[in-house]
Amino acid sequence: SVRESLTYVSCGGAEAYVWPGGGITVMADVMEMPSNAFGYVPTPALVAPIEFTMRLSDYQTLGGHMAEVRPLDAILDDEVRRVGQIGPDPHSSERYKWKDKE
16 SVRESLTYVS CGGAEAYVWP GGGITVMADV MEMPSNAFGY VPTPALVAPI
66 EFTMRLSDYQ TLGGHMAEVR PLDAILDDEV RRVGQIGPDP HSSERYKWKD
116 KE
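Under this note's numbering, the first residue of the sequence shown is numbered 16, with each subsequent residue one higher.
Please keep in mind that the hints were generated in silico from the structure rather than gathered at the bench. One should not assume that every hint holds.
[Unchecked claim] For each label pair, taking beta carbons as the anchor points, the in silico distance ranges come out as:
#1 Pro-35 with Thr-76: 18 to 28 Å
#2 Pro-57 with Asp-88: 34 to 44 Å
#3 Pro-35 with Ala-63: 12 to 22 Å
#4 Val-17 with Glu-47: 11 to 21 Å
No residue lacks a Cβ here, since even glycine has one placed at the ideal position from N, Cα and C.
Turn these sequences into a full structure, and let the hints steer you where they fit.
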């Protein structure tokens with residue numbers, strides 16, 4: 016679906032360019048992505064926020080798991096854990112519990 020342009024690929028909300036060829040190799044402007052968007056695991060590997068978006072009709076045609084599709088309103092509620100925005104300095108002493116003991 017990526018090769019046939021049925022799927023829109025983005026990285027952390029930033030537009031991505033899908034390189035031609037075999038695997039899913041993408042290029043994105045990291046300045047358009049959220050801060051701290053990349054992670055690392057000891058595989059070694061980088062962990063990047065890659066999103067794949069497609070029309071519902073294309074997902075169904077490709078044999079997608081339609082019984083698992085839910086409206087966005089059904090999954091975004093008050094019970095969802097939300098991560099707050101990181102301030103300009105993630106290592107600021109204000110972020111540590113020992114700061115209150117001073």
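### Task
Mind checking the hinted window 18 to 28 Å against the Cβ distance between Pro-35 and Thr-76?
Taking Cβ atoms as reference, Pro-35 and Thr-76 lie about 24 Å apart, which means the hint holds.
### C-beta pair Pro-35, Ala-63: status relative to the range 12 to 22 Å that was hinted
20 Å, holds
### Task
Check the following: the C-beta atoms of Val-17 and Glu-47 are separated by a distance inside 11 to 21 Å.
Hint holds: Cβ distance 20 Å, inside 11 to 21 Å.
### Query
Given a hinted range of 34 to 44 Å, is it respected by the beta-carbon distance of Pro-57 and Asp-88?
38 Å, holds
Of the numbered hints listed earlier, not one is contradicted by the structure.
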